[in-house]
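Asks: Sequence order for the protein chains is H and A. Residue numbers for the first sequence follow the numbering used here, so the first one is 10 and each next one is one higher. Residue numbers for the second sequence follow the numbering used here, so the first one is 17 and each next one is one higher.
The reader is advised that the hints may include incorrect statements.
[Said to hold, decoys possible] Selected chain A positions facing chain H (in silico; Cβ < 7 Å):
hint : residue
1    : D63
2    : P67
3    : R188
4    : L189
[Said to hold, decoys possible] With a cut-off of at most 30 Å between alpha-carbon atoms, the simulated DSS-like pairs for lysine-lysine come out as follows:
hint : chain 1 : residue 1 : chain 2 : residue 2
5    : H       : K108      : H       : K73
6    : H       : K140      : H       : K18
7    : H       : K140      : A       : K53
8    : H       : K28       : H       : K97
9    : H       : K28       : H       : K125
10   : H       : K134      : A       : K86
11   : A       : K86       : H       : K73
12   : H       : K18       : H       : K125
13   : H       : K140      : H       : K28
14   : A       : K193      : H       : K125
15   : H       : K21       : H       : K73
16   : H       : K18       : H       : K28
Think of the hints as simulated: they come from the structure by calculation, not from any bench. Here a beta-carbon is modelled for each residue, glycine too, at the ideal position from N, C-alpha and C.
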Amino acid sequence: MALMPRRVKHRKSQRGRIKGNATRGHRVSFGDWGLQSTDAGHISAQTIEACRIAIMQYIRGEGKLYIRIFPHRSVTARPLETRMGKGKGEPDHWVATVKPGTVLFEVAGVSQEAAKQCFARVAYKLPVRVKLIGRTPGVN
Amino acid sequence: MATEVLAVERRTQIGTSHSRRLRLEGKVPANLYGLGKDPVALSVASDVITPAVMAGHRVIDVEFDGTVDKAMIREVQWDTFLTHILHVDLQRIDANARIDVDVAIHLRGTANEGVLDFHLHSVELNCPAYAVPDQIDVRIGTLHIGDQVTVADLVLPEGVTCNLPADSVVVRLHEAKDVEIVQEDVGAGVEPELIGRAADEDEDA
């Protein structure tokens, strides 16, 4: 299944600015360990898929992976060797908008050390800095 | 089950900017309410409340203006990165009453085989206010594939009951599956359906 929305209201969107920290999706909600972004940025569908493969290759069938982000926004690009003008380019790929604090991936059923090694393989693929977090301590 | 005595100060100035200034001074704004008494705005030192919350304490003694109230930590607000506590809600409770409280489940040991499914990270307990456990320990070192720990198997302190059905699964150990890792198509060159476009085209026709 393609990693993009099934239906959209508009094909293209303006780029905008990513302001502030995440106020939703910034806690480990499903698994035991999470990979939290400390930067703002856009993560492409290809990168999310590459991270999924890297995590699954590490944990195999011994743990569970939760992907907490989805590429909702289209990014347009102009064809090569074309002059400027003639309107906005066509949708080229899809990205997920990430704010500082967003939890990108979660794993369950693995130890902290395994989660750390697993996410280390993923961290260098990502265009944002990340850190390993556990579940919220104390009262939720 | 240890009950901490929390020395707090009454807050005279309330509001966002005053709360922000308090946090810069290393204090955490808090509120105390309940038991038919007036709500009180408080501030508590961050290095006092943070260890208490991290340790899983749910019931604490709040000391201010020469009185000591028993209170339950009702809600804790953390910052985005889980490094600082922003605000704490404290609810006064009757020391002799039984209360319903969520208590975290901690796994002890490591599973020797299979994959561990941790379903319930906390359970709602009914217990006396003076005997709220900080956490419930579940030992998983002796589990084998196919074994599960249910709420009925939890070792609860005396006088403590669980409000969840006894057959609710806390932890289950199952066999690791061989998963085939296939790279999926990320949809390059494919465009999603446009909402409302099909209806417009029908009208034009």
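Asks: Work down the list of hints and note, for each, if the structure agrees.
Replies: Outcome of the hint check:
Taken as an interface hint, D63 of chain A does not check out: its beta carbon lies about 15 Å from the nearest beta carbon of chain H, beyond 7 Å. For the restraint placing P67 of chain A at the interface with chain H, the shortest Cβ-Cβ distance is roughly 10 Å, beyond the 7 Å limit, so the hint is violated. Interface hint at R188 of chain A: violated, since its Cβ lies 10 Å from the closest Cβ of chain H, which is beyond the 7 Å cut-off. Taking 7 Å as the C-beta cut-off, the interface hint given for L189 of chain A is violated, the closest approach to chain H being about 10 Å.
At roughly 24 Å between alpha-carbon atoms, K108 of chain H and K73 of chain H fall within 30 Å of each other, so this suggested pair holds. In summary, the hint linking K140 of chain H to K18 of chain H is not supported, as the alpha carbons are separated by about 34 Å, beyond the 30 Å threshold. Annotation: proposed proximity of K140 of chain H to K53 of chain A is violated, straight-line Cα distance about 43 Å (limit 30 Å). Note on K28 of chain H and K97 of chain H: the hinted pairing holds, with a Cα-Cα distance of about 24 Å set against a maximum of 30 Å.
Using a Cα cut-off of 30 Å, the hinted pair K28 of chain H and K125 of chain H holds, with the two alpha carbons roughly 29 Å apart. A threshold of 30 Å between alpha carbons decides the hint, and for K134 of chain H with K86 of chain A the separation of about 50 Å lies outside it, so the pair is violated. Between the alpha carbons of K86 of chain A and K73 of chain H the distance comes to roughly 41 Å, so the proposed pair goes past 30 Å and is violated. Between K18 of chain H and K125 of chain H the alpha-carbon distance is near 39 Å, which puts this suggested pair outside the 30 Å criterion.
Pair hint K140 of chain H plus K28 of chain H holds up; C-alpha atoms about 20 Å apart against a cutoff of 30 Å. As the CA atoms of K193 of chain A and K125 of chain H are separated by approximately 22 Å, the hinted pair is consistent with the 30 Å bound. Pair hint K21 of chain H plus K73 of chain H does not hold up; C-alpha atoms about 34 Å apart against a cutoff of 30 Å. With a C-alpha separation of about 23 Å, the suggested pairing of K18 of chain H with K28 of chain H holds against the 30 Å cut-off.
Of the numbered hints listed earlier, those contradicted by the structure are 1, 2, 3, 4, 6, 7, 10, 11, 12 and 15.
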